[in-house]
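Sequences are here, hints too, so could you generate the full structure?
Each chain, letter by letter, is given below.
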Amino acid sequence: MNYVLVGNSAAGLFAAESIRQQDPRAEITVLTADAYPFYSRCLTTYFLAGDIPKVQLFLRSPEDLQALRLRVHYSCTVTGLDPVQHLIHTIAGEHYPYDKCLIATGASAVPLDIPGSTLPEVFTLRHLDDAQRIKAQLAPKRQAVMIGGGLVSLKSAYALLKQGLNVSVIVSSGQILSQMLNGEAANLLQEHLVSHGLNIILHQDVTAIEGTGCVQGVRLRSGRTLPADLVIVGKGVRPNIQPFLASGLAIRQGILVNEHLETNLQDVYAAGDVAEAWDHLHQTHRLNPIWPNATTQGRTAGANMSGLALTYPGSMGMNAVDFFGLRIISAGIVNPPTTSSWHVDDIYRRDALGHPRYQRLVWQGEKLKGFVLLGDTERAGLITALIQSGQPLSTDVRKVLWSGKRSSIRLVL
Amino acid sequence: MKQLLVRSEHCVGCKSCELACAVAHSESKTLFGAVLESQPPRKRVFVETDGTMNFPLQCRQCSDKPCVRACIAGAMHLDPNTGLVQVNDDKCVGCWMCVMVCPFGAITEGPDRHVVKCDRCRELQYEPACVSACPTRALQWVEVDRFAATDRRSWVDHLKEANTYAE
Ligand SMILES: Cc1cc2nc3c(=O)[nH]c(=O)nc-3n(C[C@H](O)[C@H](O)[C@H](O)COP(=O)(O)OP(=O)(O)OC[C@H]3O[C@@H](n4cnc5c(N)ncnc54)[C@H](O)[C@@H]3O)c2cc1C
Chain A
1 MNYVLVGNSA
11 AGLFAAESIR
21 QQDPRAEITV
31 LTADAYPFYS
41 RCLTTYFLAG
51 DIPKVQLFLR
61 SPEDLQALRL
71 RVHYSCTVTG
81 LDPVQHLIHT
91 IAGEHYPYDK
101 CLIATGASAV
111 PLDIPGSTLP
121 EVFTLRHLDD
131 AQRIKAQLAP
141 KRQAVMIGGG
151 LVSLKSAYAL
161 LKQGLNVSVI
171 VSSGQILSQM
181 LNGEAANLLQ
191 EHLVSHGLNI
201 ILHQDVTAIE
211 GTGCVQGVRL
221 RSGRTLPADL
231 VIVGKGVRPN
241 IQPFLASGLA
251 IRQGILVNEH
261 LETNLQDVYA
271 AGDVAEAWDH
281 LHQTHRLNPI
291 WPNATTQGRT
301 AGANMSGLAL
311 TYPGSMGMNA
321 VDFFGLRIIS
331 AGIVNPPTTS
341 SWHVDDIYRR
351 DALGHPRYQR
361 LVWQGEKLKG
371 FVLLGDTERA
381 GLITALIQSG
391 QPLSTDVRKV
401 LWSGKRSSIR
411 LVL
Chain B
1001 MKQLLVRSEH
1011 CVGCKSCELA
1021 CAVAHSESKT
1031 LFGAVLESQP
1041 PRKRVFVETD
1051 GTMNFPLQCR
1061 QCSDKPCVRA
1071 CIAGAMHLDP
1081 NTGLVQVNDD
1091 KCVGCWMCVM
1101 VCPFGAITEG
1111 PDRHVVKCDR
1121 CRELQYEPAC
1131 VSACPTRALQ
1141 WVEVDRFAAT
1151 DRRSWVDHLK
1161 EANTYAE
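Protein chains in written order, with my numbering: chain A, 1 to 413; chain B, 1001 to 1167.
Think of the hints as simulated: they come from the structure by calculation, not from any bench.
Cβ atoms here follow ideal geometry from the backbone N, Cα and C, with glycine treated the same way.
Honestly, I wouldn't trust all of these hints.
FRET-style restraints, in silico, Cβ to Cβ [as the list claims (entries may be wrong)]:
hint : chain 1 : residue 1 : chain 2 : residue 2 : range
1    : A       : Asp82     : B       : Ser1063   : 36 to 42 Å
2    : A       : Leu245    : B       : Gln1039   : 51 to 57 Å
3    : B       : Asn1088   : A       : Pro313    : 24 to 30 Å
4    : A       : Ser108    : B       : Gln1039   : 41 to 47 Å
Covered stretches of chain B (in silico footprint by chain A; criterion: 3 or more residues with CB under 8 Å from a CB of chain A, positions within the stretch not fixed) [stated by the list, open to error]:
hint : stretch
5    : 1025–1036
6    : 1053–1060
7    : 1070–1081
8    : 1084–1094
9    : 1097–1106
Below is the structure:
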C-alpha cells in the first residue's frame, strides 16, 4: 500500500507512526514544505526564551525517524490533489500517486494587513525560521510590541520578557486569552503578568507600523505611538486549505472530516489544524487547533488508513500555560451561553503567600462542560475526563469538585 | 510482561506504598538518606481515603496514552523496550499538558517544575517498591498475558475500582 502524507508535523508524524505500526511493509511518502525534520512548533517560544536549545525542538531522534522508514521530501510544497487520478501535485511540477492520502497541512498565522506590516522586523511566529529570525532581534532593553492577546502572543511576550526586552501587548478585545479564559481568570493572569513587567493595553488596535527601512514604532487607533524595535503579530491562525480548493474536497473553514477522519473524497483523510472535526462539546464541526487534537487525529487517521476502524471521539478546546510560576489549565466551554440550563461555580481565594487560586466549573444541567483552574492545577485531568465522559454527575461529585479536593473524586464516583 | 495489579478492596490506607515510593525515588534509596536530601524525593503513588474506602493510585499505563499525545515536548513517551509510558526528564519543559489530560490525576509536580509519575521503579530494575512495601498485597506485580479487558471498561469504572487489571 502506498501512503502519501502531506505535512510532517504533529498530525502527519503521528499518522506515520500509526501506519508503520499497522503495516510494516507500507510505502510511506511524506511531503512537507518545511526544510527541517519533524519538530514541535509549540516549543519555539521556549527556544526564544532561552529555556531550551534548538536541538530540543526536534522531538524524535534521527534513529527513531530512521526506524519509521519514511520517504520524506523536504521543501516540497503541495499545490493540488486530483481525486480521480489519485495524484498529489507539487509546485515543482511533480505528481505523487497515492492509494491513501492524508492532508495534514496545519495552519498558518494570520498576517496583518496595515501600513508598515512589511517592514523587516515585523514577524509572525509559526515556523522554526520565524523563531530564528526573531531570536536574532533579541537584546535586553529593546522595545517589542505583540499585536493580539492570544496564546502565541502571550507565550512570545513571556519569552521576550525573560530575555530582558520591554514588551507591550496590544489587545483589541477587553481581555487576554479570550479563547481560553473567562474574564475573571484573564484579569488575574493579567495582574500577574503586569507585576512581572508586561505592558498590556486592552481595547486598542494598531493602525500602522511606523519606520523607514526598519520598525520604529506602532501607531494605535487612539492616535498614540508606542516606540518599537520589533513587532510580533499574533492574530490567530487559519487552516492551510488553499492547495485543495479546486480538488472537490468539502471545506468550510477547514477540511470537513467524519468520525473516522475521512473527507468526502474516497481514500483522502485529513487531520490536525487543517481539519474541521466533530467538537463534542459544541455539538458541531469546529476548528480546534491544538497539539493534542492534531496528534490524536493523526494517530486515528493513520490507523484507519491502514485498515483499522477507530472512531475519533471528538475534539474539545483545552490548554495549559505557565507564566512566571502561575499555572493555568482550561478545557471545554469556559464562557457558557446565558440560557437557564447553564450555570457556573466559581471559587476565588488567595493562598497564604497571596497567590491567586481560582477555579471555574461550567455546567449544563448535571453535566460538566468546561473548567478553568488558575494557581492550583494539580490533577486537572480528572476534571477533563469527567467532561469527556459526558455523564451527568452526582451531587457528591459536584460537592467534591466544588470543594477543590479533586483527588477525592474517585471516592464518590 | 509484568503489570501492576491493584486490589483496592485489600487496601487499608496505611500509606506504606507512598513512603516506599518516595524513598525509591530518592538519591540514596534509603529512608534516612532521603530525608536529608536537598531535593525532597517525590512520591508517585497516592492513597486516597475517606475512612471507609481506600485507593492507592498511580499511573495506570492507559492503553490509549493521552499523556503521550498531549506532550508538546516529546518527553512523555512509550519505552519500546518495556512497553511502558515513561517521562524523559531531559525533555520535559513543564508545560502541564499531560496533567491536563491524565484521567487518573496520576502525574504530579517534581523538581524544577517538571512532571513525575510512576515509572514502575525503573531504577530498581522494575521491582516496584510499593509492591514490596504493601502489607496486605493490595498492590501486586504479576505476569499478565495481555492487557486483558482494560479497553472494555470505562474510565469511570477504572476510577471507581482503582483497579486496572484485576477481575
Ligand atoms: C508558538 C506556538 C505555540 C503553541 N503552543 C501550543 C500549546 O502550548 N499547546 C497546544 O496544544 N498547541 C500549541 N500550539 C499549536 C500547535 O503547534 C498546533 O496545533 C500543531 O502544530 C498542529 O499540528 P498539525 O500537524 O496539524 O499542523 P502544523 O504544525 O501546522 O504543520 C503543518 C505541516 O504541513 C506542512 N505544509 C503546510 N502546507 C503545505 C503544503 N502546501 N505543501 C506541503 N506541506 C505543507 C508544513 O510544512 C508542516 O509540516 C502552538 C503553536 C505555536 C505556533
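Results for each hint:
1. A:Asp82 / B:Ser1063: 36 to 42 Å: Because 38 Å falls inside the window, the suggested range holds.
2. A:Leu245 / B:Gln1039: 51 to 57 Å: The hinted range 51 to 57 Å holds for A:Leu245 and B:Gln1039, with Cβ atoms some 55 Å apart.
3. B:Asn1088 / A:Pro313: 24 to 30 Å: holds (27 Å)
4. A:Ser108 / B:Gln1039: 41 to 47 Å: holds (43 Å)
5. 1025–1036: violated (count 0)
6. 1053–1060: holds (count 3)
7. 1070–1081: With 4 residues closer than 8 Å to chain A, the stretch 1070–1081 of chain B meets the three-residue bar; holds.
8. 1084–1094: Result for this restraint: holds, n = 3.
9. 1097–1106: holds (count 9)
Checked against the numbered hints given earlier, the structure breaks only hint 5 and satisfies all the rest.
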